[in-house]
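K.L.:
Chain by chain, the residues run as shown.
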Amino acid sequence: MSTDSRIITASVLPPPRSVTGIGGWIRVNLVNTWFNIGLTTVFGFILVVALWYGLKWVFFDADWRVIGTLGGRIIIGQYNVEAACPGRDCFWRPQAGLLLVMVLLGMAWSVSGGGLTKRIAVLFAGALVACAFLPYGLDKMGLDVRLLFAANVPALALGWAIARHTRLGTVSWIAVLAFCTFILILVLLRGIPGVPYLKPVSVLYWGGLMLNLLLAVVGIGLSLPIGITLALGRSSRLKVVNLLCVTFIETFRGVPLITLLFMSQVLVPLAFPENFPQNSLVRAAIIITLFSSAYMAENIRGGLQSLHPGQGEAARALGLPVWQTTLFISLPQAIRNVIPAIVGQFISLFKDTSLVYIIGMLDVVEMSRAFIQGNPEYLASAKEVFVFLAAVFWVFTFTMSHVSRRVEQHLGVGKR
Amino acid sequence: MGLKHFVILIGLIAMVGILATACSNGDDDNGAVASEDARLDLVKNRGKLICASRNDVPGYGSLDASGNNVGFDIDLCRAVAAAVLGDPKAIEIRYITASERGPTIQSGEVDLLVRTVTWTSSRDAQWGNYAQTMFYDGQGFIVKKSLGISSALELKDATVCVTQGTTTELNLQDFSTQNNLNITPLTFEESDAVIAAYQAGQCDAFTNDRSQLAAIGSGFDNRSDHVILPDTISEEPLGPVVPHGDEQWFDIVKTVMAILIYGEAYGVEQASVPSVATGDTKVDRLLGITGSYGQESLGLSQTAAQDVLKAVGNYGEVYDRNLGPGGINLPRENGRNALWADAACTNCPKGGQIYAAPLR
Amino acid sequence: MDTILRTLTYQGIPIWRNVFVIRWALQIVSGLLVVLLVSWFFINVGNAIEDRDIPYGFSFLSREYQTPIGQHFLAYESSDTFLYAFFVALTNTLIVSVVGVILATILGIVVGVCRMSSNWIASKLALVYIEFFRNVPLLVHLFFWFYVVLELPPVREGYGIAQKVYINNGGLSFPWPSPNGTGPAGVWLLVVALAIVAGFVTHRRLAIRETTTGATSYSLVLGVAVTLGISGFAWLLLSVGLIGSEGEPPFGLSYPEPHGTFGRISGGLTLSGGLIALLVGLVTYTAAFIAEIVRGGVQSVARGQTEASRSVGLSAMNTLRHITFPQALRVIVPSIISQYLNLTKNSSLAGAIGYSDLTNVAKTMTQTAPAVSIFIMIMVAYLAMSLVYSVIGNLYNRHIRFTGG
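Chains as they are written, first to last, in the working numbering: chain S, 25 to 440; chain E, 915 to 1274; chain A, 3 to 407.
In case anyone wonders, no lab produced these hints; they're calculated from the structure. Everything numeric in this text was worked out from a predicted model, so none of it was measured. Beta carbons are placed, not taken as given, at the ideal position from N, Cα and C, and that holds for glycine. Hints should not be assumed to be uniformly reliable.
What the hints assert, rightly or not - Computed, partial: chain E to chain A, Cβ under 8 Å: (1) N1085; (2) E1104; (3) A1111; (4) D1118; (5) H1140; (6) I1142; (7) P1144; (8) A1255; (9) G1266; (10) Q1267.
Unchecked claim - Below, a list of computed lysine-lysine pairs in the DSSO-like style, where the Cα atoms sit at most 27 Å apart: (11) K166(A) / K80(S); (12) K1059(E) / K1070(E); (13) K1059(E) / K1003(E); (14) K1224(E) / K1264(E); (15) K1168(E) / K223(S); (16) K1168(E) / K958(E); (17) K1224(E) / K1196(E); (18) K1224(E) / K223(S); (19) K1058(E) / K223(S); (20) K1196(E) / K1168(E); (21) K1070(E) / K166(A); (22) K962(E) / K223(S); (23) K1003(E) / K1264(E); (24) K1070(E) / K1003(E); (25) K962(E) / K1058(E); (26) K1224(E) / K1003(E); (27) K1070(E) / K1058(E); (28) K1070(E) / K1168(E).
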């Protein structure tokens, strides 16, 4: 032992001065060869120009008032208009849903013991509380609405405390609660006939970012299991099952989503009697889910193929039946191998929810466009609106990809 | 996907298609039962009237500053809801793009299509039944003054912006071919992009129904730099459309439109709809106080007209609120969209074309 | 019958627990269920079409379309038929797809390589690029670029470069070859096609000789030389009138020039503003995905490969080109093909920004033609395009698998 440590002590010298400090860092990372000096100059120039014009536009040229005027409609669309909610007192319902989500986030924070979850929770709660202090109102925001926004911090704390001091602080409980919360939020948003304060609001009026998130959650929740089923079906040796899965996957992957959505709007109503209650929201959710499932299936199939056949053989040798081999041996490893692809698909799905404009739903993008179109004096502000929308989407998708990278590191993918 | 899979796929699609057509031939009466369901009962049971409309053109159908649906088309929908259900708020607006109008009304999924739909013979045959012309429009062009042109015939070799799936798109081609203008169209799905393209000069002119041009132009920063050319290149009668196959429903919508028009002709205003006899036989009949204009056979309540007029006002009020001074400020006096005559006096022609089947 | 029964009750296993029976029962039941569901759907649609007199069928295809198409690369008159108009629109989509795929691949590889660069600025800029462009919906991208293109001056105040190239918000116009008479041009194109085949054969022959004998044979250079030589010779012959009757070159250059009251550019080739916005949007968006695929692929190559090649004295660039990249290709190609497909399908958003792609034109067609039939045509067209890409991808994949390493 002592000899080892002596050798190590002897070999560890301080790094040469040429690579330490700011000067050293620059020398190593920016100007170590002539080629790199050229690269640095070119990219440095691009960076400076982009920053200069970008910041100048954001801070001086752009007129952001349009975002304030759009206000709460960015978040909930037409949910709180007179036609949807007589009396216009429904804004608290999506907000209550948000509080429930914050409670869950608090619980997740407690269970994960800080780290990334903590940062996300704090950031989102902070952003929401900031909404309470916005100078211009979110759709004629009253004091109660501002209070509800501010309540996100106590909600977070409450979730944290619940998880810490009760038996609910486990991952499986949170998963169960998350599912219940989602159902609860749907009921809350839809309303119950006859119950005061819970007047039914037609799903046609659900819109804004709320709609994008709801569609994304439904899509993510359903497309993974459906995708797994399809992937297993496609790698199955049962000819008929295989054929059905291949047909489904290739049809949905071969056609653009907007064509599918347009067809769902035009063709699907023909298949039902005229008095059959149907609505675009459900159709959109189904089409987006199926479309995403087809891609998910291909990702998972990739994962299944990457598995060493020895895994399955060993499991069979130990006497596990096929379903157990699949469920406990193949799938967990396959999914772990393709987490980046799966999360990438989730992100695509979230972005694709902006395509529901094709069937006349007012998601956050289309809501903003409809507003501009209906109020032509804001036509000149279209650029600001699109830059803002890009930022909104970016926050969510970047969070998703960041989390996925962390999970990946945690599971040690690619480091076996 | 491999070749094998593709061949199998095509085979399956073909198989399903053959199966479907084979079965559908022997299954005719099944569907006939479905279409016998009266639309009126359907609406009443549902408690809501479903209208296909729009949210992107001020004056016709747009979202106001607090997100509510407003516009001429929306008010027509409300009027029908008031007549049938007694509640102008009992409506559901489905937003559709221009190219979805045909399929949507064909599917019977909506009760009423009010989305600035031009009445043409092939649409009447294929889409649904046009109840009544509620606005006479014509297609025009808006151009920048700086181009210095005064007639659409000078648009030789121009690029013209147009919205997709409209008669304007088709008329533009006719106009271009007829006058040998070689116009290049730029087709967009929605109006914000069209307007932006026109304003930036990506196209030299923007063509649409004249009223919509006026509506959209009213939002321009520098309205005086643009001019709507005097040429009207087409006839565009606009009105509500009902699905094929239910004559009672068709008649109801026609009658509601007539109520709006005669409401104005008889001078019945939203703020003062009488509920007791006024002594004027025509007004009393309209309001359902005496006599009848066929309410029972239509399935409407005796006082349906009162509901309608209380809910949205008469035609003139609907017009003024959305298209007139209260909205996009289209002139109405002495135009096509004025009433044919002042019904209060026996011989006072007003020179307009707004005219409906008499209510009696 | 007896044999079947004996197989089924093999070793006394009852029928309901026989794996063979269970499998087939399961398959038949699931197959029947799906067929029932699908046929129920189509029967209902069929009924509705009959009941509500919704037009259907494909007889409209030979009718005149009578509607303009904004930008078209093939000659198109409004008196052409629906079928031809559909084909014109399909070409529009194909051109976006092919040009987009090429540009996205180049940009994607550049960004991907920058991402792996040891240069801090290059690497971080590439990272920012990837994270930004991947994470925002394409629709928002397209609108952004649409408004950027609109910032260019309108056509009459646009930029002209030496009266040959014009840039304005109506589009980018530049000189483009145009055939002088269909005869010689056709003949020449045919010769070129043959020349390409000849060049390819030469290349293959020489490459095989090089691998078998080891003698340097410049297969690529000679292959290209053969192609160019034959085409050039044919051009010369046609130009001086030895084969053709006219005695002029098969292709001339058509120059763009402003024309008419509005100064719209005619002649040459014009890429409309909508097309440019669409291409820029699609290319920058897809390139971000391709960059990540390229990075993932290169990183999947074992480190020892790079180290070994550096230690035998190859430069960093040569290592990437000759050692890492060819091996990475096998990982990269399948994912990149699916990105190509995505790009093609995403081009269907073109209608939002005014480019006449397949979906855009087809939606206009539903005004004057049966919607149901149009949908079937769109679906078949897109499925066929994905098939073509998949086949090309699979062929290439097989190629690099067997001969590349």
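K.L.:
Given the hinted pair K1224(E) and K223(S), is their Cα-Cα distance within 27 Å?
P.N.:
The given pair, whose Cα atoms are some 25 Å apart, holds under the 27 Å limit.
K.L.:
So if I understand the rule, the pair passes when the alpha-carbon distance is 27 Å or less; does K1224(E) with K1196(E) pass?
P.N.:
Between K1224(E) and K1196(E) the Cα gap is close to 18 Å, so the pair holds against 27 Å.
K.L.:
Take a quick look at whether K1059(E) and K1003(E) sit within 27 Å of each other, Cα to Cα.
P.N.:
violated, 43 Å
K.L.:
Take the shortest C-beta to C-beta distance between N1085(E) and chain A; is it under 8 Å?
P.N.:
Constraint on N1085(E) not satisfied, violated at 10 Å.
K.L.:
Please verify that hint: I1142(E), Cβ, nearest Cβ of chain A, below 8 Å or not.
P.N.:
violated, 18 Å
K.L.:
With a cut-off of 8 Å on the beta carbons, see whether A1111(E) makes it to chain A.
P.N.:
Interface hint status for A1111(E): holds (6 Å vs cutoff 8 Å).
K.L.:
Given the hinted pair K962(E) and K223(S), is their alpha-carbon gap at most 27 Å?
P.N.:
The given pair, whose Cα atoms are some 15 Å apart, holds under the 27 Å limit.
K.L.:
Hint check: K1224(E) vs K1264(E), CA-CA at most 27 Å. Holds or violated?
P.N.:
Holds - the C-alpha atoms of K1264(E) and K1224(E) are around 25 Å apart, at most 27 Å.
K.L.:
Keeping to a limit of 27 Å between CA atoms, is the pair of K1168(E) and K223(S) held or broken?
P.N.:
Answer violated: K1168(E) to K223(S) is near 33 Å, above 27 Å.
K.L.:
Taking 27 Å as the top limit, are the C-alpha atoms of K1168(E) and K958(E) close enough?
P.N.:
holds, 18 Å
K.L.:
Take a quick look at whether K1196(E) and K1168(E) sit within 27 Å of each other, Cα to Cα.
P.N.:
holds, 18 Å
K.L.:
Return the status of the interface hint for H1140(E): holds when the least beta-carbon distance to chain A is below 8 Å, violated otherwise.
P.N.:
violated, 14 Å
Figure legend: structure checked against the earlier numbered hints; hints not met, in rising order: 1, 5, 6, 7, 8, 9, 10, 11, 13, 15, 19, 23, 24, 25 and 28.
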